[in-house]
Amino acid sequence: KAGVTQTPRYLIKTRGQQVTLSCSPISGHRSVSWYQQTPGQGLQFLFEYFSETQRNKGNFPGRFSGRQFSNSRSEMNVSTLELGDSALYLCASSLGRGLPDTQYFGPGTRLTVL
Amino acid sequence: GESVGLHLPTLSVQEGDNSIINCAYSNSASDYFIWYKQESGKGPQFIIDIRSNMDKRQGQRVTVLLNKTVKHLSLQIAATQPGDSAVYFCAENKYNNNDMRFGAGTRLTVKP
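Residue numbers (this note's numbering), protein chains in the order written: chain C, 1 to 114; chain L, 1 to 112.
FYI, nobody ran anything at the bench for these hints, they're computed from the structure. Treat the hints loosely; a few may be bogus.
Claimed, not checked - Think about it this way: if two alpha-carbon atoms lie no more than 25 angstroms apart in a straight line, the pair counts; the simulated DSS-like pairs of lysine-lysine are:
#, chain 1, residue 1, chain 2, residue 2
1, L, K68, L, K56
2, L, K56, L, K71
3, L, K111, L, K68
4, C, K13, L, K68
5, L, K56, C, K57
6, L, K42, L, K71
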């Protein structure tokens, strides 16, 4: 089975712009979670989508949003970029049901905001 | 989110030695725990997990121990190899809730 894929792998934007990141989960996985990883804050949960609905949400401002399509692929969007949004954005997929529900991560998208 | 420092705890071991990486978790209601390994430039890779109804689980060269009394998790790596050099994270969550909470991570360096 192919793993979780994320595109693009690297992105450079300037303050005030917006960005859309894409994640394709492992085949058969219906849950997609997004995380932000920075040296200062570590790995922080952004949100989770399951069956095209946001099921869980972390403590991030409304500038961070996401969606999931019927094929389980997911996108996250960050509007009005700030310097502090520079980070590695990780996507993780899981079956979304059953116990336990192990998450598998993609390689991440490295976003740099100038 | 949790606030962690810029400097990760580090563990340096000699190749062939056993490694023990520790993690203190915060939520006594957490019932599922996972260890991930993250190499430079890559996403976290699943290593092993354990449910709260167990106190020990073994995999290939790895063992996870769970002490719910003191909310402590450890990862033991036997016969550590240079390829084990990475940052190791513990994560906790509750069943049916994918809001995983990650620890700060520990950087393991294996000296040949």
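The hints, checked one at a time:
1. K68/L <-> K56/L: Distance of about 11 angstroms is within 25 angstroms: holds.
2. K56/L <-> K71/L: holds (14 angstroms)
3. K111/L <-> K68/L: violated (33 angstroms)
4. K13/C <-> K68/L: It is violated: about 44 angstroms lies between the C-alpha atoms, which goes past 25 angstroms.
5. K56/L <-> K57/C: Violated. K56/L to K57/C sits at ~31 angstroms, over the 25 angstroms cutoff.
6. K42/L <-> K71/L: violated (29 angstroms)
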